[in-house]
Every structure is written in structure tokens, then in C-alpha cells.
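With the first letter of the sequence shown counted as 1, position 58 gets the number 916 in the working numbering; the numbers rise by one all the way through.
Just so you know, the hints here were simulated from the structure itself, not pulled from any lab data.
Label-pair ranges, simulated between beta-carbon atoms: (1) THR987 <-> PRO932: 16 to 26 Å; (2) GLY978 <-> LYS930: 22 to 32 Å; (3) ARG1000 <-> ILE908: 10 to 20 Å; (4) LEU1030 <-> THR987: 26 to 36 Å; (5) GLN955 <-> ILE1032: 36 to 46 Å; (6) HIS1021 <-> ARG913: 35 to 45 Å; (7) GLN914 <-> LYS943: 15 to 25 Å; (8) GLY1025 <-> GLU946: 20 to 30 Å; (9) ALA986 <-> PRO1031: 31 to 41 Å; (10) ASP947 <-> LYS918: 10 to 20 Å; (11) PRO932 <-> GLY958: 15 to 25 Å; (12) ILE1032 <-> HIS956: 32 to 42 Å; (13) LYS918 <-> GLN1022: 32 to 42 Å; (14) LEU1030 <-> ASN935: 19 to 29 Å.
Predicted, not measured: the structure shown is a model, and the values here were computed from it.
All residues carry an ideal CB built from backbone N, CA and C; glycine is no exception.
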Amino acid sequence: MDKQGSFDDKSLVMSEYAHKSNSPVVAAIIVAAGTGQRMANNKATHGNHIPKQFRQLGDKPVICWSLDAFAKHPNVNAIILVVGKGQEDQAQAITNQHLGSDAKIVTIVTGGASRMHSVGNGLAALLATDFEGFVAIHDAARPLLQQKILNALIDQLAMTPAHQLAGVIPVLPIS
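With these hints in hand, go ahead and build the complete structure from the sequences.
Pasting the structure below:
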């Protein structure tokens, strides 16, 4: 990150912090509880609506792109996947099939009436564990999270004194 808080090309590579024992421990809350109503005009066979997070994007469901981004990162120790009511079994099946036995701990949680409530349910599930560390909150509807962005965010956590840190968000300059 540069002095203005924007990402520059130099910060978008994995730094020395990402593999050190004192680097931040992160849990990811992936919010995927939307109903995808704006996509409702696209029906699967038999007229069943498929929410966006379960649709195919390339060779895998949209939700798996976000799962992969966090599951591959060495600092991410837990993943909370927040899905809509009634979608828990489908999400568990996709997670098991896609990540298999190599998966980091993935907990499936039912979302709420709004994104805020869904994030709250994810945080509540995380609080019920013994996790201590930082929390990354990501929308599954934004499936193309790049490792270099995730690296830069986690590196910024490592480089900022805790008493000065409220959080980090990716900001790219408009040019």
C-alpha cells in the first residue's frame, strides 16, 4: 500500500510477513446468502431458480472461487460460509466435493434477512469457537478475489500496529 492507502504494484506481491509465525491469523466469512432475484429470469431446467452463488462460472460454481481464494492462503485458518435458509445441504455438498479432505475448517451457517444479519450470523458462529485473530468478510457474489489482493490486505494487517488498526479494505485508484 502506498502512503495514500492505495495499492501499488509493489504491494501486490506476497511479502515477507505472509509466512512468518507472527503473521496475522485470519478467519474468512464468505457471505453467500442472497437469493439472486435479479437473475430470476434465468431458469434452470424444470423451472427451478438457481441462486447466483450456485451457478457455474467456468469450471466450478461461483461460490467455489471465493472458497478457493481463502482456502489456499496460508494465514486463513477457518472459513465460515453463510448461505440462505434451505441452502445449507447444497452448500455442504459443493464444499465437500470441491475442497475434499484437504479443506480448512469450513462451517456452514444460515444467513439472515439482510447482508448485515448474515454477516452477524457468521461472526456469531466464529465467536462460538476459540478463534482469535482477524476476520475477512467477503461476498461470494464477487468471485474473482485475487491472491495478490488478499496478500496485500493481510500484509497490511501485519505491518500496522494493533492499536492503530481498525481494519483494512482494498482501494484501487480510479484512473
